[in-house]
Amino acid sequence: DSGVTQTPKHLITATGQRVTLRCSPRSGDLSVYWYQQSLDQGLQFLIQYYNGEERAKGNILERFSAQQFPDLHSELNLSSLELGDSALYFCASSPGGMPTEAFFGQGTRLTVV
Amino acid sequence: QKEVEQDPGPLSVPEGAIVSLNCTYSNSAFQYFMWYRQYSRKGPELLMYTYSSGNKEDGRFTAQVDKSSKYISLFIRDSQPSDSATYLCASFSGSARQLTFGSGTQLTVLP
Chain F
328 DSGVTQTPKH LITATGQRVT LRCSPRSGDL SVYWYQQSLD QGLQFLIQYY NGEERAKGNI
388 LERFSAQQFP DLHSELNLSS LELGDSALYF CASSPGGMPT EAFFGQGTRL TVV
Chain C
7 QKEVEQDPGP LSVPEGAIVS LNCTYSNSAF QYFMWYRQYS RKGPELLMYT YSSGNKEDGR
67 FTAQVDKSSK YISLFIRDSQ PSDSATYLCA SFSGSARQLT FGSGTQLTVL P
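Line order of the protein sequences matches chains F and C.
Using the numbering used here, the first residue of the first sequence is number 328, and each one after it goes up by one.
Using the numbering used here, the first residue of the second sequence is number 7, and each one after it goes up by one.
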């Protein structure tokens with residue numbers, strides 16, 4: 328157990344809908360990272376927050392947004408969902424700003440039907 | 007062309023074999039090189055990372071980086087069935103502030 332908690336574990340939703348994925352980082356970790364893993368694209372970095380502020384942005388679609396709250400948990404919002412958004416979404420956390428020290432959660436499997 | 011290329015395998019070896027997993031990268035700005043292990047339906051787990059060129063050893067695992075040829079390797083000695091997983095290489099630069107992953111190599115160690 329990495330100490331990073333993601334909910335829900337599984338999510339099935341219809342195209343056009345909006346969902347929210349939640350991540351609780353390890354105790355004391357200030358950075359949260361979101362990644363998407365799909366069969367065709369592999370594991371891709373989406374976005375990083377550090378102590379509530381956006382720190383780095385990767386290949387995140389405009390339909391997706393994230394935030395980190397004062398208690399350091401983070402949410403990833405996915406809207407206007409398409410079939411191609413079906414993937415595993417991972418959250419990771421690290422004490423500082425370096426992803427080299429990050430631990431990954433178990434992921435949320437999103438299926439868009 | 008992807009910035010980090012990795013042979014997807016699958017790779018199947020007998021128990022006790024030495025396993026060699028490899029990646030190449032194209033971005034000269036990459037400074038950190040990581041290897042992750044991912045079991046089915048689980049999150050990636052960091053095995054080890056190397057800063058710049060050189061070797062790093064941790065138990066049965068050795069990571070090697072050759073910046074001159076932009077080549078990253080992971081060697082697993084005395085492989086065990088419990089090593090069966092997907093192995094992902096990744097690279098990081100401070101300027102880009104993001105991890106770039108290879109596509110992963112699926113390894114099966116047969117008892």
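Don't read these hints as lab results, they were simulated from the structure.
We put the CB at the ideal spot given by N, CA and C, even for glycine.
Any given hint could be a false lead.
[As the list claims (entries may be wrong)] Cβ pair distances, simulated, as ranges:
no. : chain 1 : residue 1 : chain 2 : residue 2 : range
1   : F       : Thr-438   : C       : Ser-74    : 29 to 37 Å
2   : C       : Tyr-57    : F       : Ser-407   : 20 to 28 Å
3   : F       : Glu-380   : C       : Ala-23    : 41 to 49 Å
4   : F       : Asn-404   : C       : Pro-20    : 29 to 37 Å
5   : F       : Phe-396   : C       : Ile-24    : 45 to 53 Å
6   : F       : Gly-379   : C       : Ala-102   : 43 to 51 Å
7   : F       : Ser-392   : C       : Ser-18    : 14 to 22 Å
8   : F       : Thr-334   : C       : Ser-18    : 33 to 41 Å
9   : F       : Gln-344   : C       : Gly-22    : 45 to 53 Å
10  : F       : Thr-342   : C       : Pro-14    : 41 to 49 Å
11  : C       : Asp-84    : F       : Asp-328   : 23 to 31 Å
12  : C       : Ser-74    : F       : Thr-342   : 42 to 50 Å
13  : C       : Pro-16    : F       : Ser-392   : 33 to 41 Å
14  : C       : Pro-20    : F       : His-337   : 30 to 38 Å
Here is how each hint holds up against the structure:
Our hint of 29 to 37 Å for Thr-438 of chain F and Ser-74 of chain C is violated, since their Cβ atoms are close to 44 Å apart. For Tyr-57 of chain C and Ser-407 of chain F, the Cβ-Cβ distance of about 41 Å falls outside the hinted range of 20 to 28 Å, so the restraint is violated. At roughly 47 Å, the beta carbons of Glu-380 of chain F and Ala-23 of chain C sit within the given window of 41 to 49 Å. For Asn-404 of chain F paired with Pro-20 of chain C, a C-beta distance near 47 Å fails the hint of 29 to 37 Å.
With their beta carbons about 47 Å apart, Phe-396 of chain F and Ile-24 of chain C fall inside the hinted range of 45 to 53 Å. Distance hint check for Gly-379 of chain F and Ala-102 of chain C: the Cβ-Cβ separation is about 22 Å, which falls outside the suggested range of 43 to 51 Å. In this structure, Ser-392 of chain F and Ser-18 of chain C break the distance hint of 14 to 22 Å, their C-beta atoms being roughly 42 Å apart. Take Thr-334 of chain F and Ser-18 of chain C: their Cβ atoms lie about 36 Å apart, and the range 33 to 41 Å holds.
The hinted window of 45 to 53 Å between Gln-344 of chain F and Gly-22 of chain C holds, with their beta carbons roughly 50 Å apart. Look at Thr-342 of chain F against Pro-14 of chain C: about 29 Å separates their beta carbons, and that is not inside 41 to 49 Å. The beta-carbon spacing between Asp-84 of chain C and Asp-328 of chain F, approximately 27 Å, falls within the hinted interval of 23 to 31 Å. For Ser-74 of chain C and Thr-342 of chain F, the hinted distance range of 42 to 50 Å is satisfied, since their beta carbons lie about 48 Å from each other.
The supplied range of 33 to 41 Å is met by Pro-16 of chain C and Ser-392 of chain F, whose beta-carbon atoms lie about 37 Å from each other. The hint said 30 to 38 Å for the Cβ distance between Pro-20 of chain C and His-337 of chain F, and at roughly 36 Å that hint holds.
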